[in-house]
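Chemist: Chains as they are written, first to last, in our numbering: chain A, 1 to 94; chain B, 1 to 222.
Hints were generated in silico from the structure; no laboratory data involved.
Accuracy of the hints is not assured; some may be wrong.
Claimed, not checked - In the DSSO-like style, the derived pairs of lysine-lysine whose C-alpha atoms are separated by at most 30 Å in a straight line are: (1) A:Lys-81 to A:Lys-65; (2) A:Lys-12 to B:Lys-27; (3) A:Lys-31 to A:Lys-65; (4) A:Lys-12 to A:Lys-31; (5) A:Lys-81 to A:Lys-31; (6) A:Lys-53 to A:Lys-72; (7) A:Lys-82 to A:Lys-72; (8) B:Lys-27 to A:Lys-53; (9) A:Lys-82 to B:Lys-27; (10) A:Lys-53 to A:Lys-65; (11) A:Lys-72 to B:Lys-27; (12) A:Lys-81 to B:Lys-27; (13) A:Lys-45 to A:Lys-82; (14) A:Lys-45 to A:Lys-81; (15) A:Lys-45 to A:Lys-65; (16) B:Lys-27 to A:Lys-45; (17) A:Lys-12 to A:Lys-65; (18) A:Lys-12 to A:Lys-81.
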Amino acid sequence: MLSGERPRSALKIYLDILVTVRDEGNTRPTKILYRANLSHDRLVKYLGELSAKQLLEERQDEDGKYYTLTQKGLDFINQIKKAEAFVMGFGLAI
Amino acid sequence: MPAATIISVLNLLSGAVALLISYYAYKNNRIVGSILLRYISAGFLLLGVGLFLQAGTESLVSATAIDALRVRDVELVMFLVYTALQLVAYAVFAWGYGLSFFSRGTSKGTVVPIALAASSTLTRKLLDGAVFVLAIYVASQAAIVVLLFLIVYQGVRVFSHTQSNLSLMVLFGFALIFVAHVLMLAAALTLGSTIFLVGNTIEFCGFVSLLFFLFWSGRVVR
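Pulled out of the complex, with its shape left as it was, chain A reads as follows (with noise of 0.2 Å):
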C-alpha cells in the first residue's frame, strides 16, 4: 500500500489519455504520447481499446487522425475520479 513508486495500472493509463483528450479538445496522436507518457505501441493499444469501448472518437482530417471525448468517456473520468478520490481514504490509488 505504501511502498512508494509501482508501475501504473491500466486504469490510470486510460485515465491520463482520457484527461488528455478533455483538456486538450480536438487531439493528436502525438500529444496524447507525450501528456500520457506512454511508448508509440501502447499507445496504439490503449487508443484502440477506448475507441472500442466508445471512450473515445477516432476522426481524420487532411492532417491526419485526431481522437475527442465522448459523453461516456467524460462520465467514465467522473466516475474513475470520484473511485480514486475514494481509495485515496484508504491510503490506495488506483
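Keeping the supplied structure of chain A fixed, place chain B upon it in accordance with the hints.
Modeler: Below, chain B alone, put in the same frame as chain A:
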C-alpha cells in the same frame, strides 16, 4: 428521553452510514478491483448490520447493553452477538489494512487481562451465573479496542504518506470510534450508563466524519 432510545437512534444513524460506505466501497471496487476495498465493503456491511440489529433490540426492549449487563437477562446474549459482529468487522478492517505489519506490536493477550483486572465491580460480578457471557462481552470489547488501535495506527501511517484531507477524515473517523470503544469498554467494566451514552455519541461522531469523507470523495472531480 431514555438513554436506550437515544443510543438506539445513534446506532441506527451510524448503521446507515456504515451501509452507505459499504455500498460505495463495493461500487468503487468494481471499478478499481482492490482487495482492500473488498475488506472495507465487507467490514462496513457487518458493522452496519450489527448496528441496525443493536438499534432494533435497544428500541424493542428499551435497554442498552449496559442495562443488559446489569440484569444479565437474555438480552445480554443478543448484545453479545452484535458485539461479536463488530469484532469481526473490525478484524476484517485490520486485516485489510495489513495486520501482519503490527505482529510485533500490542497484543490483545496483554490488554484483555489488564482491562479485566481494572475493575473490582466486575470481579464481584464474575462470581455469579452469567460469568461466561459477561466475560466474553468485556473481552470482545477489549479486542475491538485493540483492533481499532491497529486501524488508527495504520490510518496515521496512511495520512503521513498521502497528506490528503480525505485520508485525514478517515483517520479522524476511526480515531473517534476508537475513543468511543475505549469508553464503552470502561462502561462495561464499571457498568456506567453515562459513560456508555458518551461512548455511543462519540462513535456516532466518528461515523459522521466518515460520512463527510464519503461526501467529499464524491465531489472530487478535477
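Chemist: Run every hint past the structure and note whether it holds.
Modeler: Going through the hints against the structure:
no. : hint                 : in the structure
1   : A:Lys-81 to A:Lys-65 : holds (28 Å)
2   : A:Lys-12 to B:Lys-27 : holds (17 Å)
3   : A:Lys-31 to A:Lys-65 : holds (12 Å)
4   : A:Lys-12 to A:Lys-31 : holds (17 Å)
5   : A:Lys-81 to A:Lys-31 : holds (22 Å)
6   : A:Lys-53 to A:Lys-72 : holds (9 Å)
7   : A:Lys-82 to A:Lys-72 : holds (15 Å)
8   : B:Lys-27 to A:Lys-53 : holds (20 Å)
9   : A:Lys-82 to B:Lys-27 : holds (11 Å)
10  : A:Lys-53 to A:Lys-65 : holds (18 Å)
11  : A:Lys-72 to B:Lys-27 : holds (18 Å)
12  : A:Lys-81 to B:Lys-27 : holds (13 Å)
13  : A:Lys-45 to A:Lys-82 : holds (26 Å)
14  : A:Lys-45 to A:Lys-81 : holds (23 Å)
15  : A:Lys-45 to A:Lys-65 : holds (15 Å)
16  : B:Lys-27 to A:Lys-45 : holds (27 Å)
17  : A:Lys-12 to A:Lys-65 : holds (23 Å)
18  : A:Lys-12 to A:Lys-81 : holds (10 Å)
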